[in-house]
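Input sequences plus hints: build the corresponding full structure.
Listed below, chain by chain, are the residues.
Protein chains: 2
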Amino acid sequence: MTVSINDVARAAGVSASTVSRALRGRPGVSDEVRAQITAVAARLGYTASRSASSLASGRTYTIGVVAPYIGRWFFGTVLDAAEQVFSAAGYDVLLYNLGSPETRKRFFTKLPVRKRVDAVLSLLIPDEDESAALRSLGVPLAAAVGGPRPGFTVVGIDDRAGAESAVRHLVNLGHRRIGMISGTSGPLHWTTPVARRQAYLDVLADAGIEPDPALEADGEYTVEGGERAMTELLAASRPPTAVFAQSDEMAMGALRALRRHRLRVPDDVSVVGFDDHELSDVVGLTTVAQPVAGQGTEAARLLLRQLDEPGTEPPGHVEMPIRLVLRETTAPPRPRGVQ
Amino acid sequence: MTVSINDVARAAGVSASTVSRALRGRPGVSDEVRAQITAVAARLGYTASRSASSLASGRTYTIGVVAPYIGRWFFGTVLDAAEQVFSAAGYDVLLYNLGSPETRKRFFTKLPVRKRVDAVLSLLIPDEDESAALRSLGVPLAAAVGGPRPGFTVVGIDDRAGAESAVRHLVNLGHRRIGMISGTSGPLHWTTPVARRQAYLDVLADAGIEPDPALEADGEYTVEGGERAMTELLAASRPPTAVFAQSDEMAMGALRALRRHRLRVPDDVSVVGFDDHELSDVVGLTTVAQPVAGQGTEAARLLLRQLDEPGTEPPGHVEMPIRLVLRETTAPPRPRGVQ
DNA sequence: AATCTGAACGCAAACGCTTGCGCAACCAAG
DNA sequence: CTTGGTTGCGCAAGCGTTTGCGTTCAGATT
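These protein sequence lines map, in sequence, to chains A and B.
Just so it is clear: in the first sequence, position 131 is 131 by the UniProt record's numbering, and no numbers are missing.
Just so it is clear: in the second sequence, position 260 is 260 by the UniProt record's numbering, and no numbers are missing.
No wet-lab data here; the hints were simulated from the structure.
Please note that the accuracy of each hint is not assured.
Stated by the list, open to error - Output of the computed footprint for chain A on chain B, the stretches with three or more beta carbons under 8 Å from beta carbons of chain A: (1) 93-103; (2) 107-121; (3) 250-262; (4) 302-316.
C-beta atoms are modelled at their ideal positions from N, C-alpha and C, and glycine is treated no differently.
Here is the structure:
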């Protein structure tokens with residue numbers, strides 16, 4: 001039925017071990033024999049069984065990638081980039097889509113990647129328990145997006161600096177009532193929303209602005225959530241003249257809410273996002289750009305390096321550059337009294 | 001180092017075969033023994049080696065998913081949905097991201113999924129050669145998105161009907177100069193752009209409108225491409241008063257181009273897209289909605305069914321519903337002479 | 001009481017590779 | 001012509017499961 005290494009060996013008149021060595025470029029095979037075996041293997045359409053070879057060798061040539069919400073632009077883009085690096089290096093990727101709390105829990109208790117992968121890349125930093133579970137796998141670990149974590153090589157950005165630049169931009173334009181749409185909920189215990197919020201508060205304090213709890217709302221990192229959050233903020237007794245959304249998707253939701261309320265952007269309300277989503281340019285959204293695909297690529301590369309050079313100590317954390325991109329959703333507030 | 005089935009067997013005082021049967025719910029094990037084995041296995045943190053078990057059984061409990069451009073909303077969403085179905089059924093997914101022609105070619109010649117997967121789901125229909133390669137794997141095959149193809153269970157939509165409804169909508173509004181931004185280029189040989197174009201031409205013919213080659217441009221299915229294409233169309237001696245873009249992303253690119261040219265939508269130019277992208281609502285884009293996640297879910301389900309009931313003949317093609325969603329980017333053309 | 005029947009379990013042979021080791025055959029050096 | 005060292009290859013023992021078959025033993029049947 002399916003052609004095995006023995007079929008190739010027989011057809012080439014050599015032993016199975018020689019076939020194995022020849023096809024994998026191992027020494028101990030003369031050039032002529034190797035060429036002949038390669039030809040025979042090609043003719044027979046032979047592919048080594050991954051199960052058998054990884055059972056025998058202990059290496060799987062497979063990388064486990066755990067990611068939440070693959071459908072979202074951010075994670076999809078990171079995944080896309082990381083996959084390209086892995087497959088170019090000859091690794092397959094096993095994908096685990098951990099959106100809901102249940103699937104997430106099930107994954108970390110059952111750990112289906114055990115004995116199946118040579119390394120794990122986590123998009124989004126796992127919490128302490130989850131990290132411990134992953135460490136128990138005994139394979140190199142990396143994470144794209146997030147802060148440092150023991151046992152992991154993580155690539156991320158300076159969330160504080162990014163959020164600061166966004167909020168400071170609004171302050172510099174003259175805004176005093178600055179709202180924030182955060183993204184704290186969900187099953188993901190990460191530092192990003194916390195860091196961005198702290199930056200927001202810090203900049204306000206720095207500018208001598210008293211923070212108003214009524215100007216904070218949760219947008220759940222989705223467009224719909226952003227729309228709801230913006231609607232909430234507009235319902236405040238004194239609505240904001242500017243809003244910092246912790247992600248572009250939420251910012252776009254906010255834009256929709258503003259349009260529904262017949263408010264003009266940036267004339268009535270300024271909006272700044274975070275991520276530089278591929279469509280942010282389309283809607284003219286001012287935002288904090290971060291290298292999204294770049295983080296996936298970098299994390300994948302670092303992981304492969306650990307696989308290639310097992311001895312060396314991997315970097316604990318690498319930080320990618322960010323920059324504020326000014327577009328058309330931010331402007332000075334309207335003069336007081338003009339309504 | 002790592003705990004094997006023999007460790008469990010020894011600790012439970014039974015043979016390895018009994019452990020195997022017990023843990024997989026096979027008959028031939030008393031309830032007490034099974035319970036005891038389960039407890040011991042849990043205590044030891046035992047997980048069966050997938051390599052070993054698939055080598056012995058021939059089943060991998062893994063599904064290969066090949067997809068182009070995971071980072072794009074459409075494919076990311078389909079993949080997300082399909083993955084959820086697979087993982088809920090206990091299958092792992094092996095992801096192959098086939099964006100560039102090179103990776104695509106390499107995949108189909110080397111077929112790294114051989115002996116590695118129980119079934120293959122292809123997002124985007126493969127061409128004839130590629131289909132033949134996949135069929136040679138001897139496993140169930142499905143595709144999400146596209147028309148019927150021998151050996152495959154494919155779920156898709158009626159592209160012609162969808163495109164017809166979009167273009168007819170423009171015609172009904174009174175437009176006569178209707179442009180199209182198509183998405184034909186790239187390494188993907190699929191029927192979608194062809195079908196949608198044909199529908200466009202048919203509707204025009206039906207309305208007695210002479211098609212103008214200068215009103216067709218390729219947008220490569222990307223935002224940037226759509227922008228370029230729109231710019232091209234605007235450069236025509238007699239620019240269109242309405243544009244049908246074969247995808248929402250291209251439509252958004254078109255919107256951007258129009259804004260750059262200081263043209264108002266829909267006053268100066270109407271735009272209709274295709275897909276109902278999650279952000280289409282934000283920008284108010286009129287579009288043809290299709291169940292994107294739904295197609296992924298459905299294709300995955302049908303594939304699993306084939307795995308569960310090997311005998312039954314799977315459906316060759318299932319068609320999902322579409323509908324035109326009217327928003328704010330389409331309106332009647334301005335009266336003649338008014339510029 | 002002898003026989004038959006299942007149920008419950010163990011034995012051992014695969015599954016298809018990898019790899020340490022052994023063994024020729026060859027070459028160059030003494 | 002003997003040594004010692006390479007080089008090229010085969011042997012066989014795993015790797016950790018699954019599974020067909022054989023065995024044991026308790027309980028039911030004559």
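A quick look at each hint next to the structure:
no.: 1; hint: 93-103; in the structure: holds (count 7)
no.: 2; hint: 107-121; in the structure: holds (count 6)
no.: 3; hint: 250-262; in the structure: holds (count 5)
no.: 4; hint: 302-316; in the structure: violated (count 0)
In terms of the numbered hints stated before, the structure departs from hint 4 and from no other.
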